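There are 2 protein chains.
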Amino acid sequence: MLAAMFDAEKAVADFVRFGSVSADPSAKAGMDGAVRFLSELLRRHCGCEVEVVPTPGHPVVIGRRGGDPAWPHVVVYGHYDVQPQDPLDEWNTPPFEPVVKNGFMYGRGTADDKGPLMVHIAAFAKLLEAYPDFPVRATFLVEGEEEVGSVNLAAVMEAKKEELAGDFVLMSDTNNAGPDDATITTGLRGLACLEVILRGPKQDLHSGINGGPVMNPIRALAKLCAGLHDEKGRVTIPGFYDAVRPALDWEKAELARMGDNVEAYKKLLGVPAFVTPEGYGVFESRSFGPTLEYNGITGGYQGPGSKTIIPAKASVKISCRLVPDQEGEAILDLVDKAIRARCPQGVTMEIIHHSAGDPYVVLPPHLSGEGLDSAKARAFAAADREVRASFGNPPHYLREGGSVPILSDIRRILGMDALMLGVALPDSCMHSPNENLSLEVFRRCTKVSEAIWKAVARK
Amino acid sequence: MLAAMFDAEKAVADFVRFGSVSADPSAKAGMDGAVRFLSELLRRHCGCEVEVVPTPGHPVVIGRRGGDPAWPHVVVYGHYDVQPQDPLDEWNTPPFEPVVKNGFMYGRGTADDKGPLMVHIAAFAKLLEAYPDFPVRATFLVEGEEEVGSVNLAAVMEAKKEELAGDFVLMSDTNNAGPDDATITTGLRGLACLEVILRGPKQDLHSGINGGPVMNPIRALAKLCAGLHDEKGRVTIPGFYDAVRPALDWEKAELARMGDNVEAYKKLLGVPAFVTPEGYGVFESRSFGPTLEYNGITGGYQGPGSKTIIPAKASVKISCRLVPDQEGEAILDLVDKAIRARCPQGVTMEIIHHSAGDPYVVLPPHLSGEGLDSAKARAFAAADREVRASFGNPPHYLREGGSVPILSDIRRILGMDALMLGVALPDSCMHSPNENLSLEVFRRCTKVSEAIWKAVARK
Numbered sequence: 000m001l002a003a004m005f006d007a008e009k010a011v012a013d014f015v016r017f018g019s020v021s022a023d024p025s026a027k028a029g030m031d032g033a034v035r036f037l038s039e040l041l042r043r044h045c046g047c048e049v050e051v052v053p054t055p056g057h058p059v060v061i062g063r064r065g066g067d068p069a070w071p072h073v074v075v076y077g078h079y080d081v082q083p084q085d086p087l088d089e090w091n092t093p094p095f096e097p098v099v100k101n102g103f104m105y106g107r108g109t110a111d112d113k114g115p116l117m118v119h120i121a122a123f124a125k126l127l128e129a130y131p132d133f134p135v136r137a138t139f140l141v142e143g144e145e146e147v148g149s150v151n152l153a154a155v156m157e158a159k160k161e162e163l164a165g166d167f168v169l170m171s172d173t174n175n176a177g178p179d180d181a182t183i184t185t186g187l188r189g190l191a192c193l194e195v196i197l198r199g200p201k202q203d204l205h206s207g208i209n210g211g212p213v214m215n216p217i218r219a220l221a222k223l224c225a226g227l228h229d230e231k232g233r234v235t236i237p238g239f240y241d242a243v244r245p246a247l248d249w250e251k252a253e254l255a256r257m258g259d260n261v262e263a264y265k266k267l268l269g270v271p272a273f274v275t276p277e278g279y280g281v282f283e284s285r286s287f288g289p290t291l292e293y294n295g296i297t298g299g300y301q302g303p304g305s306k307t308i309i310p311a312k313a314s315v316k317i318s319c320r321l322v323p324d325q326e327g328e329a330i331l332d333l334v335d336k337a338i339r340a341r342c343p344q345g346v347t348m349e350i351i352h353h354s355a356g357d358p359y360v361v362l363p364p365h366l367s368g369e370g371l372d373s374a375k376a377r378a379f380a381a382a383d384r385e386v387r388a389s390f391g392n393p394p395h396y397l398r399e400g401g402s403v404p405i406l407s408d409i410r411r412i413l414g415m416d417a418l419m420l421g422v423a424l425p426d427s428c429m430h431s432p433n434e435n436l437s438l439e440v441f442r443r444c445t446k447v448s449e450a451i452w453k454a455v456a457r458k
Numbered sequence: 000m001l002a003a004m005f006d007a008e009k010a011v012a013d014f015v016r017f018g019s020v021s022a023d024p025s026a027k028a029g030m031d032g033a034v035r036f037l038s039e040l041l042r043r044h045c046g047c048e049v050e051v052v053p054t055p056g057h058p059v060v061i062g063r064r065g066g067d068p069a070w071p072h073v074v075v076y077g078h079y080d081v082q083p084q085d086p087l088d089e090w091n092t093p094p095f096e097p098v099v100k101n102g103f104m105y106g107r108g109t110a111d112d113k114g115p116l117m118v119h120i121a122a123f124a125k126l127l128e129a130y131p132d133f134p135v136r137a138t139f140l141v142e143g144e145e146e147v148g149s150v151n152l153a154a155v156m157e158a159k160k161e162e163l164a165g166d167f168v169l170m171s172d173t174n175n176a177g178p179d180d181a182t183i184t185t186g187l188r189g190l191a192c193l194e195v196i197l198r199g200p201k202q203d204l205h206s207g208i209n210g211g212p213v214m215n216p217i218r219a220l221a222k223l224c225a226g227l228h229d230e231k232g233r234v235t236i237p238g239f240y241d242a243v244r245p246a247l248d249w250e251k252a253e254l255a256r257m258g259d260n261v262e263a264y265k266k267l268l269g270v271p272a273f274v275t276p277e278g279y280g281v282f283e284s285r286s287f288g289p290t291l292e293y294n295g296i297t298g299g300y301q302g303p304g305s306k307t308i309i310p311a312k313a314s315v316k317i318s319c320r321l322v323p324d325q326e327g328e329a330i331l332d333l334v335d336k337a338i339r340a341r342c343p344q345g346v347t348m349e350i351i352h353h354s355a356g357d358p359y360v361v362l363p364p365h366l367s368g369e370g371l372d373s374a375k376a377r378a379f380a381a382a383d384r385e386v387r388a389s390f391g392n393p394p395h396y397l398r399e400g401g402s403v404p405i406l407s408d409i410r411r412i413l414g415m416d417a418l419m420l421g422v423a424l425p426d427s428c429m430h431s432p433n434e435n436l437s438l439e440v441f442r443r444c445t446k447v448s449e450a451i452w453k454a455v456a457r458k
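So the sequences go chain by chain: A and B. Heads up: the first sequence begins at 0 in numbering that gives the first Met the number 0, then just goes up one per residue. Heads up: the second sequence begins at 0 in numbering that gives the first Met the number 0, then just goes up one per residue.
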């Protein structure tokens, strides 16, 4: 029994109001609320039976709209968790009170991933309104730990692999090249995250009384970090690049088709200059190159003015983005080993491993040469056609710099490839203040999703 | 008219209850309370007229106990402000609720500088109780900005230099070598504090979508900081060591007399190893060598777990401890210039100067060969005698690693040298959690102060 006409944009706003920050233990109410809201939505509008699968972390929401076992089976993947909202003072509107302005909805999760997930829920709900017996089985697999490394989803998939294995995964958690340049993502980078803590004196010391013979943990950390890139901008971890596979010719051609508007990109990010590692151009380094980034550093006095101490400790959060055929766990081990070997004198070191995921590549059937009559191939073809119609341009087939590490697990455990339709834009501020969703792109993408669902149904 | 018998230890505790953190704009109530408490104390127990001199920052409290212009005039210097109390969770007792346990009083300011200042207030109050016409003029000059660089005291001294110029300055804001090893400090290091902020993208970026061509401000800051010391532990700022004057022979002999208990010191601080700059031993590097320390570093995500961003900025607080004949402002300029010249590519730089002060040396009359009949010489001699009596050991005459930059201004503006009697101990945790005062040392030092006041009176 389906409910009244589905209002997709209102649903995005309602979903965003739950501050479901998976990294923040104090955000439990937001997580719980998002789970309840999503479950109700899938029941009321997508004809689903919903199971909330508990994990040692945040639960996985599985909505199943079954049917004839002969019908194609599409698995929609998404995540209901969001990034932390800080720095709060840089938001123009409260992160969990969505506001629509000039055709954009602002709020944490609008672009990553509550809005994009809603594209496929809305398209399916609309089709069910028109065709209650729509002949596609749909499973909505929505996790609450994507922003903290999807640590428990693989175990859930292992436990339920029979019922979760469908024809392909449909998902939107990637970026478009621009508002008129829809992008079907053909690859994502892997991720390896860790944290390094250096400890010196047992507590903060007076920098005058004791300063001289004591190794300052911040100095030690700076030395350690400074050694992780060489003068050419390349990562100095032994073996880091060994598994890196060069980009394919058609990938380079697609990237070249985007143009090379470095100045516009520089302005978008607001950086004074780009600094690329040797061997990569500006856009190549995002799509085809691995990175080692510092996500946060802290140590000593953080308040106003000065406080003349030698801090007891200093720490840094590091994440590496990985490209085929680097492997997350292997890189984590290489980085760990190299950093341990370089522990500066006068401090002790602790390393915490946060998460790791492998990079991912999926070739669209028309580029890979595989058969064109599978549900997956029909979906890719429909996406290509409807993008041309709705956006006025053919889709870009590009590898993206971000990571959805769970896609490798989906392939390994459930044997499915993914069709990744971009919904967010380069200036959607994913993971940043003032995250936003273009409602025009949201509507266009919903039409593309409808076309995909219909093409899958049409055997 | 003097009030009832002065209870010195209760007065320290009452003084500590005012959370007078000069660096913290939200601590105004604590600052105001400390000023009121101190003013009342000086009026009631030290026979003073009190003037609270406003400044652009925190006021200076001046208590004057006048008398016959022929009487010697001692100026007691101290400060009523304290260091910030963080990290709060490392305190065993609340920082502004003093607790006495096993002969030690715990609380922020017990050792720096509310307890030590109270030594001289208590000694003078006691003498006035016994001798209401005690023939010494006393001025208590107590500032509220010592922990933030004494930025306004020099102007107050300039404005009131006639009335503030006495025979010498008596002060306790320095350390003893141990509970039985009173120390009369013969020199202090200067200080040059600044903060460096590096900015990259205009806001935090998704490290996947944009990672590759963007210089991470934390990486840039690590590179910058790592270059400020060479492999031998020496500061690489051009000209940094040019003005450094070698220690005198008697200074080296006094330091050697302390022994060289490196293992005990290592254990006290809890460091795995000492790392000294080339050319200095462990204790020499504190007393005779300059430093460049990092007091705090921050940038990017500070919360639990991971957040995969490239931060918009990163910053570090730097302070240099200086030795004769380095000059605070000159070193600040050298450091500023060298850091600006090394700004990494891909970021912009802002440098904020916090404060600067020159190092200070004072030779005790029996070591300098100057006349022994001045009020100052009588005070030094009395301190030497009473330390032997109260502590059972002769005093140590040592240069200390800390800084009281205002002493150079006092000498320049008011023409006075300082007698610095240590009250704090190496494990008093000045500037650290669990700051404490040995009440036994406090009582011994109060006797030494009484002997000093009496010797000054006895022409």
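Source of the hints: derived by calculation from the structure; they are not laboratory data. Take these hints with a grain of salt, some might be off.
Treat identical chains as interchangeable: a pair holds within one or across any two.
Unchecked claim - Here are the simulated SDA-like cross-link-like pairs (lysine to any residue), alpha carbons at most 20 Å apart as the crow flies:
| no. | residue 1 | residue 2 |
| --- | --- | --- |
| 1 | 201 | 84 |
| 2 | 201 | 90 |
| 3 | 27 | 303 |
| 4 | 27 | 231 |
| 5 | 266 | 198 |
| 6 | 159 | 98 |
| 7 | 160 | 7 |
| 8 | 201 | 92 |
| 9 | 201 | 271 |
| 10 | 266 | 347 |
| 11 | 265 | 348 |
| 12 | 453 | 87 |
| 13 | 453 | 46 |
| 14 | 251 | 339 |
What you are looking at is a predicted structure, and each value in this text was computed from that prediction instead of being measured.
Results of checking the hints against the structure:
no. : hint      : in the structure
1   : 201 - 84  : between (33 Å within a copy, 17 Å between copies)
2   : 201 - 90  : between (38 Å within a copy, 13 Å between copies)
3   : 27 - 303  : between (32 Å within a copy, 14 Å between copies)
4   : 27 - 231  : neither (44 Å within a copy, 50 Å between copies)
5   : 266 - 198 : between (39 Å within a copy, 14 Å between copies)
6   : 159 - 98  : neither (38 Å within a copy, 59 Å between copies)
7   : 160 - 7   : neither (30 Å within a copy, 76 Å between copies)
8   : 201 - 92  : between (42 Å within a copy, 18 Å between copies)
9   : 201 - 271 : between (40 Å within a copy, 10 Å between copies)
10  : 266 - 347 : between (42 Å within a copy, 15 Å between copies)
11  : 265 - 348 : between (37 Å within a copy, 18 Å between copies)
12  : 453 - 87  : neither (42 Å within a copy, 60 Å between copies)
13  : 453 - 46  : within (17 Å within a copy, 95 Å between copies)
14  : 251 - 339 : neither (37 Å within a copy, 39 Å between copies)
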